[in-house]
Amino acid sequence: MYGGETVRQKLFTIWNNPQFYTEKGQTTFGQLFPGASKNDFPQPKSVDYVMEAIRTIVRESDIVLDSFAGSGTTGQAVLNLNTDGKHRKFILIEMMDYADSITAERVKRVIQGYGEGKNAVEGTGGNFSFYDLGEPLLIGDCLNEAVAPEKIREYIWFMETKTPYAPPAGDNPYYLGQHNDTDYYFYYEPQTVTVLDYAFLSTVSEKASGTVIYADLCSIGEDKLAQMGITFKKIPRDISRL
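Remember, my numbering sits 8 above the position in the sequence shown when you count from 1.
The set of hints was computed from the structure by calculation and includes no laboratory data.
Among these hints, one or two may not hold up.
[What the hints assert, rightly or not] DEER-style ranges, computed between Cβ atoms:
(1) 215 - 143: 29 to 39 Å
(2) 125 - 249: 47 to 57 Å
(3) 166 - 126: 45 to 55 Å
(4) 146 - 47: 36 to 46 Å
(5) 166 - 97: 20 to 30 Å
(6) 95 - 45: 31 to 41 Å
(7) 35 - 150: 46 to 56 Å
(8) 169 - 47: 41 to 51 Å
(9) 35 - 197: 55 to 65 Å
(10) 68 - 126: 26 to 36 Å
[Said to hold, decoys possible] Calculated cross-link-like contacts (lysine-lysine; reagent style DSBU-like; alpha-carbon spacing at most 30 Å):
(11) 215 - 241
(12) 46 - 97
(13) 18 - 32
(14) 170 - 159
(15) 97 - 116
(16) 215 - 159
(17) 170 - 232
(18) 97 - 32
(19) 126 - 94
(20) 32 - 116
The model shown is predicted, which means the values in this text are computed figures rather than measured ones.
Backbone N, C-alpha and C define an ideal beta-carbon position, used for all residues, glycine too.
Take these sequences, add in the hints, and give me the full structure.
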């Protein structure tokens, strides 16, 4: 494997540097979490090992993805490397219950600094965001009723416009807003079948060039909808998936 524009180094098959040994990773973990035993998080990777891999392969503005983040060694490696003033980024994914208490906490301590006295390590600086997975929006072909309608509205709006959702002013609870001269409605009730009919259209007061309306059913013919500039999207069939 070869590096980016400024790094052209061939990697050897075997890396036999003592700084890359697992024992070094265990020592670093113990410094970050004093009192932790080897059984708390066995065999974390050496930070120097990960730094060397990133330094050799990754360009200075790349994003490093670690989909099995574990104790967060990759995050620390990127932060350490960025003390050279460059702007590498990282995404860490961890599904285990220690994602907050160990993975994210490690990154936080590396940024802020850790240890005391002669063992104190200065923080690298930087920042990160922590996100927790919520309920799935769809279960099979059905909307998950455990998801708040407002969250579904945010998702619909983003998938339609690729912009952040801001609740509009007004009294119509189903109106999402206007984007590129198109009005969007999400006519949804968790326990009720909603129907796009003339009664619902009487509540539509916005007048954009086009209108997109999500509902469970539609009782108006396609030709008539086209004459009025309305696009019907069936819930949940026509909800776009990421």
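Do the hints match the structure? See the list:
{"no.": "1", "hint": "215 - 143: 29 to 39 Å", "verdict": "holds (36 Å)"}
{"no.": "2", "hint": "125 - 249: 47 to 57 Å", "verdict": "holds (54 Å)"}
{"no.": "3", "hint": "166 - 126: 45 to 55 Å", "verdict": "holds (50 Å)"}
{"no.": "4", "hint": "146 - 47: 36 to 46 Å", "verdict": "holds (40 Å)"}
{"no.": "5", "hint": "166 - 97: 20 to 30 Å", "verdict": "holds (22 Å)"}
{"no.": "6", "hint": "95 - 45: 31 to 41 Å", "verdict": "holds (36 Å)"}
{"no.": "7", "hint": "35 - 150: 46 to 56 Å", "verdict": "holds (50 Å)"}
{"no.": "8", "hint": "169 - 47: 41 to 51 Å", "verdict": "holds (50 Å)"}
{"no.": "9", "hint": "35 - 197: 55 to 65 Å", "verdict": "holds (58 Å)"}
{"no.": "10", "hint": "68 - 126: 26 to 36 Å", "verdict": "holds (32 Å)"}
{"no.": "11", "hint": "215 - 241", "verdict": "holds (19 Å)"}
{"no.": "12", "hint": "46 - 97", "verdict": "holds (29 Å)"}
{"no.": "13", "hint": "18 - 32", "verdict": "holds (24 Å)"}
{"no.": "14", "hint": "170 - 159", "verdict": "holds (15 Å)"}
{"no.": "15", "hint": "97 - 116", "verdict": "holds (15 Å)"}
{"no.": "16", "hint": "215 - 159", "verdict": "holds (25 Å)"}
{"no.": "17", "hint": "170 - 232", "verdict": "holds (29 Å)"}
{"no.": "18", "hint": "97 - 32", "verdict": "holds (24 Å)"}
{"no.": "19", "hint": "126 - 94", "verdict": "holds (28 Å)"}
{"no.": "20", "hint": "32 - 116", "verdict": "holds (20 Å)"}
When held up to the earlier numbered hints, the structure conflicts with none and fits them all.
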